[in-house]
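Read top to bottom, the protein sequences are chains D and G.
Everything in the first sequence is counted per our numbering, starting at 1 for the first residue and increasing by one.
Everything in the second sequence is counted per our numbering, starting at 1 for the first residue and increasing by one.
Everything labelled a hint here was simulated from the structure, so no lab data went into it.
Owing to the predicted nature of the structure, the values given are computational and were not obtained by experimental measurement.
Keep in mind that a hint or two might mislead.
All copies of an identical chain are treated as equivalent in the list; a pair is satisfied when it fits inside any one copy or across any two copies.
[To be verified] In silico lysine to any residue, SDA-like type, Cα no more than 20 Å apart, as pairs:
no. : residue 1 : residue 2
1   : 337       : 146
2   : 337       : 216
3   : 7         : 147
4   : 337       : 100
5   : 7         : 156
6   : 7         : 150
7   : 7         : 299
8   : 339       : 147
9   : 337       : 304
10  : 337       : 264
11  : 7         : 201
12  : 339       : 203
13  : 337       : 149
14  : 7         : 197
15  : 339       : 152
16  : 337       : 6
17  : 339       : 298
18  : 339       : 98
19  : 7         : 198
20  : 339       : 150
Spelled out from the first residue to the last, the chains are:
2 protein chains.
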Amino acid sequence: MEQPSIKRRPSRPVRVGRVTIGGGAPVSVQGMAKTYTADAEATAAQVQSLAAAGAELVRLAVPNRQDTAALRRIVPQSPVPIVADVHFNPDRALEAIDAGAAKIRLNPGNISDDRQVRRIIAAAAGAGVAIRVGVNEGSVVDRTDRARHAAESARPLDELMVAKLGEYVEVFRQERFENLVLSAKSHDAFTTIAACREIARRWNYPIHLGVTHSGTPTTGAIRSAAALGALLSEGIGDTIRVSYAGDPLREVSAALELLYSLRLRARVGAELIACPTCGRARMDVVRLAEEVHAALADLDAPITVAVMGCVVNGPGEAANADVAICAGEGKAVLYRKGKPIGTVDGPEIVAAVVAEARRVAANGG
Amino acid sequence: MEQPSIKRRPSRPVRVGRVTIGGGAPVSVQGMAKTYTADAEATAAQVQSLAAAGAELVRLAVPNRQDTAALRRIVPQSPVPIVADVHFNPDRALEAIDAGAAKIRLNPGNISDDRQVRRIIAAAAGAGVAIRVGVNEGSVVDRTDRARHAAESARPLDELMVAKLGEYVEVFRQERFENLVLSAKSHDAFTTIAACREIARRWNYPIHLGVTHSGTPTTGAIRSAAALGALLSEGIGDTIRVSYAGDPLREVSAALELLYSLRLRARVGAELIACPTCGRARMDVVRLAEEVHAALADLDAPITVAVMGCVVNGPGEAANADVAICAGEGKAVLYRKGKPIGTVDGPEIVAAVVAEARRVAANGG
Numbered sequence: 001m002e003q004p005s006i007k008r009r010p011s012r013p014v015r016v017g018r019v020t021i022g023g024g025a026p027v028s029v030q031g032m033a034k035t036y037t038a039d040a041e042a043t044a045a046q047v048q049s050l051a052a053a054g055a056e057l058v059r060l061a062v063p064n065r066q067d068t069a070a071l072r073r074i075v076p077q078s079p080v081p082i083v084a085d086v087h088f089n090p091d092r093a094l095e096a097i098d099a100g101a102a103k104i105r106l107n108p109g110n111i112s113d114d115r116q117v118r119r120i121i122a123a124a125a126g127a128g129v130a131i132r133v134g135v136n137e138g139s140v141v142d143r144t145d146r147a148r149h150a151a152e153s154a155r156p157l158d159e160l161m162v163a164k165l166g167e168y169v170e171v172f173r174q175e176r177f178e179n180l181v182l183s184a185k186s187h188d189a190f191t192t193i194a195a196c197r198e199i200a201r202r203w204n205y206p207i208h209l210g211v212t213h214s215g216t217p218t219t220g221a222i223r224s225a226a227a228l229g230a231l232l233s234e235g236i237g238d239t240i241r242v243s244y245a246g247d248p249l250r251e252v253s254a255a256l257e258l259l260y261s262l263r264l265r266a267r268v269g270a271e272l273i274a275c276p277t278c279g280r281a282r283m284d285v286v287r288l289a290e291e292v293h294a295a296l297a298d299l300d301a302p303i304t305v306a307v308m309g310c311v312v313n314g315p316g317e318a319a320n321a322d323v324a325i326c327a328g329e330g331k332a333v334l335y336r337k338g339k340p341i342g343t344v345d346g347p348e349i350v351a352a353v354v355a356e357a358r359r360v361a362a363n364g365g
Numbered sequence: 001m002e003q004p005s006i007k008r009r010p011s012r013p014v015r016v017g018r019v020t021i022g023g024g025a026p027v028s029v030q031g032m033a034k035t036y037t038a039d040a041e042a043t044a045a046q047v048q049s050l051a052a053a054g055a056e057l058v059r060l061a062v063p064n065r066q067d068t069a070a071l072r073r074i075v076p077q078s079p080v081p082i083v084a085d086v087h088f089n090p091d092r093a094l095e096a097i098d099a100g101a102a103k104i105r106l107n108p109g110n111i112s113d114d115r116q117v118r119r120i121i122a123a124a125a126g127a128g129v130a131i132r133v134g135v136n137e138g139s140v141v142d143r144t145d146r147a148r149h150a151a152e153s154a155r156p157l158d159e160l161m162v163a164k165l166g167e168y169v170e171v172f173r174q175e176r177f178e179n180l181v182l183s184a185k186s187h188d189a190f191t192t193i194a195a196c197r198e199i200a201r202r203w204n205y206p207i208h209l210g211v212t213h214s215g216t217p218t219t220g221a222i223r224s225a226a227a228l229g230a231l232l233s234e235g236i237g238d239t240i241r242v243s244y245a246g247d248p249l250r251e252v253s254a255a256l257e258l259l260y261s262l263r264l265r266a267r268v269g270a271e272l273i274a275c276p277t278c279g280r281a282r283m284d285v286v287r288l289a290e291e292v293h294a295a296l297a298d299l300d301a302p303i304t305v306a307v308m309g310c311v312v313n314g315p316g317e318a319a320n321a322d323v324a325i326c327a328g329e330g331k332a333v334l335y336r337k338g339k340p341i342g343t344v345d346g347p348e349i350v351a352a353v354v355a356e357a358r359r360v361a362a363n364g365g
């Protein structure tokens, strides 16, 4: 079968350690540690976990000198490039570059002194370090000048974020620094989409996508996937982070799921398809699906497993899946590559599906 | 501040009871009961819960004659129009129309006999009932004819779904039946997006959006929001269902969250903004956010509440939120409409935020 795919927006390639962002490179997944960076041991361990879960870049907050000092110990242990998230204090950027960060994130809302920015640019250029200029709606309105504040507050936040980015990008242009990634994040999908579409129109730098302080995992997954799904489906976005108030490893899984679903990445491991269940279901499909999902989490072959509750879509899904189960009253039919291969009693369903999936995976999918 | 919004694709209005789909009507949220429809009492209760959670239409599966019989008792008790999901047996469609369903869903993959379709169309036209023609990737490939199966399997699923829809729509055109809604669902965002974009290009009927058997709540929310977010942000989509293997009320909340985030609907109740937490956070923001979220679930005033873990985006979010808390070391600063109004000790934070939010809500936001 033909496999059409999303046509990506062309952008300039930016090197971040051994990862390339933009320039046709695959969309990369970024994680962020939620440890105190100064606790080098805990942070290095979380970086390892994030990388194992699929993060190709990991970002660390470095609010204090102790945090950048810890970077020296964390960077050499990390399997992926480390990004230092810098706010307020330009010294942290210089220290992070010196400590081996592969990329620095600067927030124009928090570091605005032109001379300081040029110092950071010079240091990054010297060390071959990339810079992300990332605006957030929360730090884009000037609160130090009353007149400016009033004028800015009257503009839509997406316009304001892009304008702020424009002033900053001009400094990088003057300094001929091109190892640049841009981002603009809002807590809502609409503003994030509007801002990133405008960035894509104006510049050819790669774009980092994310939704900021998106809430709990429930609202966060929806807001993030809506914004990132819309932009990625238009070809916009070169590296992504899904973020919400919750487990950082689940943020990485969510980001990967998004890329799989948009065919921006070939799935690694089993893909579980489950019907949403309805008044036709004759068994607890939710429980079955979750048990199968959990039991196959370690599988690294790209096979599809369908858990279906009835005969409406069941046989169709079974035809497309490597292994499928269509649950009926008290028992279920097991399929392999679309062919029924047996009937399984209720209590044995999960074990039978898992065994069959492992058999198919062992035979190369 | 200006409030730009998504420009919707023009479509023909379709009446489903007192709900209009398309023709510029707001995007409506559809729920689906997961009870056995034949159990009229349990189903009527779940329809009530779904409507209370925000579902404006509720769909019920009607595989058996007992299910359509139960519709007669469910429909009069329902606060929202009932949609009957019909597969395989055309009699179920006729019975459901007779029992008072406001809309029938037909799957071209499962009911293909031309004469039967015309009978259903005539009955629906006579009763003023709308019809959704909804194809799913799982039931789109002909498995009865080997040659046709081989030819169909070679085509991308999005093309195949739209082709199948086209054959069906032609019958409705011949019968001059225009009370029609179209849909095409895949389990992946890419195929769903491609198919719906093509439907939007070809016809001016309103479009129902959804991702089918999208997996567990974790993967389901991501796949659904990615596909629906992409389409809605392009103006495509007139009614939506988020579905996954899980609680049907959470499907409705997820659909609403998606519409809020894209500004397709004004939020009802408190909007919680929370930072994702990072190495800067000096308190358990996740726990705080979840406790505040739960404590304000009943609020129906459209106020924003921000729970922030540090000073980077905290004051900015506080400026945009009605009530905000910026957590520091052991204590937090409480903001009202951007102004700090006090300092709160760790254990009192949730109570203080909730009390302040209720005060603001009582004063009209």
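A quick look at each hint next to the structure:
1. When the C-alpha separation of residue 337 and residue 146 is checked against a cutoff of 20 Å, the pair qualifies only between copies, where the shortest distance is 16 Å, while the shortest distance within a copy is 67 Å.
2. Neither within a single protomer nor between protomers do residue 337 and residue 216 lie at most 20 Å apart by alpha-carbon distance, with minima of 39 Å and 22 Å respectively.
3. Taking the shortest alpha-carbon separations for residue 7 and residue 147, neither the intra-copy value of 44 Å nor the inter-copy value of 33 Å comes in at or below 20 Å.
4. Taking the shortest Cα distances, residue 337 and residue 100 never come within 20 Å of each other, neither inside one copy (49 Å) nor across copies (41 Å).
5. For the identical chains of this complex, residue 7 and residue 156 are inter-copy neighbours only, at 16 Å across copies versus 29 Å inside a copy, given an alpha-carbon limit of 20 Å.
6. Taking identical chains as interchangeable, the C-alpha atoms of residue 7 and residue 150 are never at most 20 Å apart, the minima being 41 Å within one chain and 28 Å between chains.
7. Proximity of residue 7 and residue 299 under a CA criterion of 20 Å is satisfied in neither setting, with 30 Å inside one chain copy and 44 Å between copies.
8. Taking the closest pair of Cα atoms, residue 339 and residue 147 come within 20 Å of each other only across two copies (18 Å); inside a single copy the shortest separation is 71 Å, beyond that limit.
9. Proximity of residue 337 to residue 304 under the C-alpha cut-off of 20 Å is restricted to the intra-copy arrangement: shortest distance 10 Å within a copy versus 50 Å between copies.
10. In this assembly of identical chains, residue 337 and residue 264 lie within 20 Å of each other by CA distance neither inside one copy nor across copies; the values are 25 Å within and 41 Å between.
11. Proximity of residue 7 and residue 201 under a CA criterion of 20 Å is satisfied in both settings, with 15 Å inside one chain copy and 19 Å between copies.
12. With identical chains, the CA atoms of residue 339 and residue 203 are never at most 20 Å apart, being 52 Å at best within one copy and 37 Å at best between copies.
13. Taking identical chains as interchangeable, the C-alpha atoms of residue 337 and residue 149 lie at most 20 Å apart only when they sit on different chains, with a minimum of 15 Å there against 62 Å within one chain.
14. Proximity of residue 7 to residue 197 under the C-alpha cut-off of 20 Å is found in both arrangements, the shortest distances being 15 Å within a copy and 15 Å between copies.
15. With identical chains, the CA atoms of residue 339 and residue 152 are at most 20 Å apart between copies only, with a shortest distance of 18 Å across copies and 63 Å within one.
16. When the C-alpha separation of residue 337 and residue 6 is checked against a cutoff of 20 Å, the pair qualifies neither within a copy, at 28 Å, nor between copies, at 42 Å.
17. For the homomeric pair residue 339 and residue 298, neither the shortest alpha-carbon distance inside one copy (26 Å) nor that between copies (50 Å) is at most 20 Å.
18. With identical chains, the CA atoms of residue 339 and residue 98 are never at most 20 Å apart, being 60 Å at best within one copy and 39 Å at best between copies.
19. Taking identical chains as interchangeable, the C-alpha atoms of residue 7 and residue 198 lie at most 20 Å apart whether they share a chain (18 Å) or sit on different chains (16 Å).
20. Taking the closest pair of Cα atoms, residue 339 and residue 150 come within 20 Å of each other only across two copies (16 Å); inside a single copy the shortest separation is 67 Å, beyond that limit.
Checked against the numbered hints above, the structure breaks hints 2, 3, 4, 6, 7, 10, 12, 16, 17, 18 and satisfies the rest.
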